[in-house]
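Trainee: Sequence:
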Amino acid sequence: AWIEGAGVRWGLDQAHRNGLGLGAAGEQNAWIFGLRRMLLGYASGNGASFAGIEPYAEVGGLDAALAGSLAQLVEALLHWRASLALARTPAEWGVQARALLAAFFKAGEEGDRLTLAQLEQALLGWLETCESAEFVEAVPLAVLREAWLGALDEPTLNHQFVSGGVTFCTLMPMRAVPFRVVCLLGMNDGDFPRRARQADFDLLALPGMARPGDRSRRDDDRYLMLEALLAARDKLYISWVGRNVRDNSAQPPSVLVAQLRDYLAAGWDLALAPLTTEHALQPFSRSYFEAGGLLTYAGEWRAAHATAATANAPADGAAAALAPYELEPNFRLKLRELASFMRQPVKYFFRRRLSVSFADLDVLGEDEEPFGLNALERYLLEDTLLDDGGVVEALSEVQASLSLRAERLAREGVLPIGLIGAQLQRQLVAALVPVRSAWLRLCEKFPLPAEKRLIDLRFGDLRLEDWLDQLRGDGRQTVWLMQISSKVLDKSGQVRGDKLIAMCLRQLAAAALNFPVSGHLVARDAVVGMRALEPEAARAALGVLLALWREGMNGPLPTACKTGLALAGGGDPRAVYDGGFEIDGEGADLCLARLWPDFAALAGEENWADCSLELYGPLAAWLKNDITIAAIDAGEDTQ
Numbered sequence: 056a057w058i059e060g061a062g063v064r065w066g067l068d069q070a071h072r073n074g075l076g077l078g079a080a081g082e083q084n085a086w087i088f089g090l091r092r093m094l095l096g097y098a099s100g101n102g103a104s105f106a107g108i109e110p111y112a113e114v115g116g117l118d119a120a121l122a123g124s125l126a127q128l129v130e131a132l133l134h135w136r137a138s139l140a141l142a143r144t145p146a147e148w149g150v151q152a153r154a155l156l157a158a159f160f161k162a163g164e165e166g167d168r169l170t171l172a173q174l175e176q177a178l179l180g181w182l183e184t185c186e187s188a189e190f191v192e193a194v195p196l197a198v199l200r201e202a203w204l205g206a207l208d209e210p211t212l213n214h215q216f217v218s219g220g221v222t223f224c225t226l227m228p229m230r231a232v233p234f235r236v237v238c239l240l241g242m243n244d245g246d247f248p249r250r251a252r253q254a255d256f257d258l259l260a261l262p263g264m265a266r267p268g269d270r271s272r273r274d275d276d277r278y279l280m281l282e283a284l285l286a287a288r289d290k291l292y293i294s295w296v297g298r299n300v301r302d303n304s305a306q307p308p309s310v311l312v313a314q315l316r317d318y319l320a321a322g323w324d325l326a327l328a329p330l331t332t333e334h335a336l337q338p339f340s341r342s343y344f345e346a347g348g349l350l351t352y353a354g355e356w357r358a359a360h361a362t363a364a365t366a367n368a369p370a371d372g373a374a375a376a377l378a379p380y381e382l383e384p385n386f387r388l389k390l391r392e393l394a395s396f397m398r399q400p401v402k403y404f405f406r407r408r409l410s411v412s413f414a415d416l417d418v419l420g421e422d423e424e425p426f427g428l429n430a431l432e433r434y435l436l437e438d439t440l441l442d443d444g445g446v447v448e449a450l451s452e453v454q455a456s457l458s459l460r461a462e463r464l465a466r467e468g469v470l471p472i473g474l475i476g477a478q479l480q481r482q483l484v485a486a487l488v489p490v491r492s493a494w495l496r497l498c499e500k501f502p503l504p505a506e507k508r509l510i511d512l513r514f515g516d517l518r519l520e521d522w523l524d525q526l527r528g529d530g531r532q533t534v535w536l537m538q539i540s541s542k543v544l545d546k547s548g549q550v551r552g553d554k555l556i557a558m559c560l561r562q563l564a565a566a567a568l569n570f571p572v573s574g575h576l577v578a579r580d581a582v583v584g585m586r587a588l589e590p591e592a593a594r595a596a597l598g599v600l601l602a603l604w605r606e607g608m609n610g611p612l613p614t615a616c617k618t619g620l621a622l623a624g625g626g627d628p629r630a631v632y633d634g635g636f637e638i639d640g641e642g643a644d645l646c647l648a649r650l651w652p653d654f655a656a657l658a659g660e661e662n663w664a665d666c667s668l669e670l671y672g673p674l675a676a677w678l679k680n681d682i683t684i685a686a687i688d689a690g691e692d693t694q
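For the sequence shown, our numbering gives the first residue as 56, with consecutive numbering after it.
Misleading hints may appear alongside valid ones.
[Unchecked claim] Computed cross-link-like contacts, DMTMM-like style, restricted to lysine to aspartate or glutamate with a CA-CA straight-line distance of at most 25 Å:
#, residue 1, residue 2
1, Lys-542, Asp-442
2, Lys-546, Asp-627
3, Lys-290, Asp-275
4, Lys-290, Glu-333
5, Lys-542, Glu-606
6, Lys-542, Asp-443
7, Lys-554, Asp-442
8, Lys-554, Glu-606
9, Lys-161, Glu-175
10, Lys-507, Glu-589
[What the hints assert, rightly or not] FRET-style restraints, in silico, Cβ to Cβ:
#, residue 1, residue 2, range
11, Arg-200, Asp-255, 39 to 45 Å
12, Gly-107, Arg-341, 57 to 63 Å
13, Leu-133, Asn-101, 25 to 31 Å
14, Arg-301, Gly-180, 51 to 57 Å
15, Ser-304, Asp-255, 33 to 39 Å
16, Leu-133, Lys-507, 47 to 53 Å
17, Ala-313, Ala-335, 45 to 51 Å
18, Arg-316, Leu-128, 22 to 28 Å
19, Ala-313, Ala-353, 29 to 35 Å
No wet-lab data here; the hints were simulated from the structure.
By construction, the Cβ of each residue, glycine as well, lies at the ideal position given by its N, Cα and C atoms.
Using the sequences and the hints given, assemble the complete structure.
Mentor: Shown next as structure tokens:
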């Protein structure tokens, strides 16, 4: 995580990239770039940049020693890269090679000592050869590498064919020495015996041209198999692909294996069924984990079957019945958790209650510097640019302030290199100047920062606790101001309710706290004004939402955010859920598709309409009655 977060992608440093002909990429996203960020972050925390290096403050704690070890490795690689780039005489290369082995390798086991001894022997042999030939000219590293490492692969007279407990080899004449166990793998029909491909000009392939002593590859393979049979002392194991991977149809073994089976059945009257094991097509087949079943060493699949056996999931794909959800001691529900539940109640259930995620697999590590930004990356960077850390600049300084933050992102290595990165940096700043300017104009109307308020509300045994921050006032009233980089209006100019869930919950919590305030949200495409709410109604609405939250922790609620808002607002929930031509509906979400693949399945749930109206009806009413929308550059809000 540190390597990826510090912006490490490829290349050691500028010199390394120059050697590859890619010096124009500079040092951004190289190993030395990320390492310097880690070390500065450990030394100074999340402070100011130093000498053009932006600190990476995540490095710390007991694991900080790992960054030191990484620094030693990178420094050693840089040193040896420079040292090995020079041409040297064989004697000098001998000194360098032994120093290289001592710097990077330490024999901890017998196998390591044997490998180092072989390397030393190969190096000594090359040096003796050069000395015998009186060769003292300077040569580059490539000559040493070819001679040194190539000597390890050369066969020697004392190299034994049988070098370990298990020997893997191809079938060759005179290789079938006696073994306790012999295994023949891949004895498929058509693969063995091998088929000889005759050239058109081969006269020996013509009818009547064959002579005694001519080579026949099929006869050679027959003899090789006979040798292998005679080499087995205790056990003979033969395997072939017995089922087609496409349609599971039976496939015969090699004709030689079929003949062997026929001989065993006819000559010794042996039953072939007890001697034959038919494996399952997949490694996770249940037959591997049943009593008296097949043998497998894949323990991870056993754990999966054990989990499935205890889950007692019904056949129709609905979620299994769970014990009622019980709150942990001292549990506090946050507003962002409640907002996440309202946006995607089914996904929230899967993640929080079942610990199941349907997200795409995470990439283990990036090895390329950024060349562009996708929608999510752009959104996160824009929110980072709007994060002022509590500093409110003058309206005339918006452009300069955002540019400084964008330069910091460039120093962190999250923007592309060169002109592309500079252009993208200007685009990000230009897009956010109207948002920041509109927010600062509101700050001028409410110039007095106010203390944040603790939200601590009890609903039975459930406690809602959070902070109401970003408060400002003008001496007469207190409001909260927020800025985001995303849009809150759809293509038709209507408010997107899913984008304002968190703001609605803030208003409800503030009113339930007997601190009703107005709110202003500055988004990319509009300024949203929110009226203060009546305390008793707000507390009642929160109580309903929290009851639904608890119900949603016991099982997935048959509803979805956009579909429920369409139902509550008099729209077409079917079109929202199923989508249209080349337009994905809300039902394309993997969690929803797992339970209700289409709107008909969702609407088939007995309580889907009641649940949707109960969860999203108050939000739809709030969007209709308690907010105002203004253009982002307007002086006053207009409904």
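Trainee: It remains to establish, for every hint, whether it holds in the given structure.
Mentor: Okay, the hints, checked on the actual structure:
1. Among the hinted pairs, Lys-542 with Asp-442 is consistent with the structure: their alpha-carbon atoms are about 17 Å apart, no more than 25 Å.
2. With a CA separation close to 17 Å, the supplied pair Lys-546 and Asp-627 stays within the 25 Å bound.
3. With a C-alpha separation of about 23 Å, the suggested pair Lys-290 and Asp-275 falls inside the 25 Å cut-off, and the hint holds.
4. Annotation: proposed proximity of Lys-290 to Glu-333 holds, straight-line Cα distance about 18 Å (limit 25 Å).
5. The suggested pairing of Lys-542 with Glu-606 is violated, with an alpha-carbon distance near 31 Å, which exceeds 25 Å.
6. With a C-alpha separation of about 20 Å, the suggested pairing of Lys-542 with Asp-443 holds against the 25 Å cut-off.
7. Using a Cα cut-off of 25 Å, the hinted pair Lys-554 and Asp-442 holds, with the two alpha carbons roughly 19 Å apart.
8. For the given pair, Lys-554 sits about 23 Å from Glu-606 by alpha-carbon distance, which is consistent with the 25 Å threshold.
9. At roughly 14 Å between alpha-carbon atoms, Lys-161 and Glu-175 fall within 25 Å of each other, so this suggested pair holds.
10. Taking the CA atoms of Lys-507 and Glu-589, the gap is about 20 Å. The hint holds against a cut of 25 Å.
11. Range check, Arg-200 to Asp-255: about 44 Å between beta-carbon atoms, so the 39 to 45 Å window is met.
12. Gly-107 and Arg-341 have their C-beta atoms about 60 Å apart, which keeps the hinted 57 to 63 Å range intact.
13. In this structure the supplied range 25 to 31 Å holds for Leu-133 paired with Asn-101, their Cβ-Cβ distance being about 27 Å.
14. With their beta carbons about 53 Å apart, Arg-301 and Gly-180 fall inside the hinted range of 51 to 57 Å.
15. Range check, Ser-304 to Asp-255: about 35 Å between beta-carbon atoms, so the 33 to 39 Å window is met.
16. For the hinted restraint 47 to 53 Å between Leu-133 and Lys-507, the CB-CB distance of approximately 48 Å keeps it satisfied.
17. A hinted range of 45 to 51 Å for the beta carbons of Ala-313 and Ala-335 is inconsistent with their spacing of about 23 Å.
18. At about 57 Å, the CB distance of Arg-316 to Leu-128 disagrees with the hint of 22 to 28 Å.
19. In this structure the supplied range 29 to 35 Å holds for Ala-313 paired with Ala-353, their Cβ-Cβ distance being about 30 Å.
Comparing the model with each numbered hint stated earlier shows that hints 5, 17, 18 do not hold.
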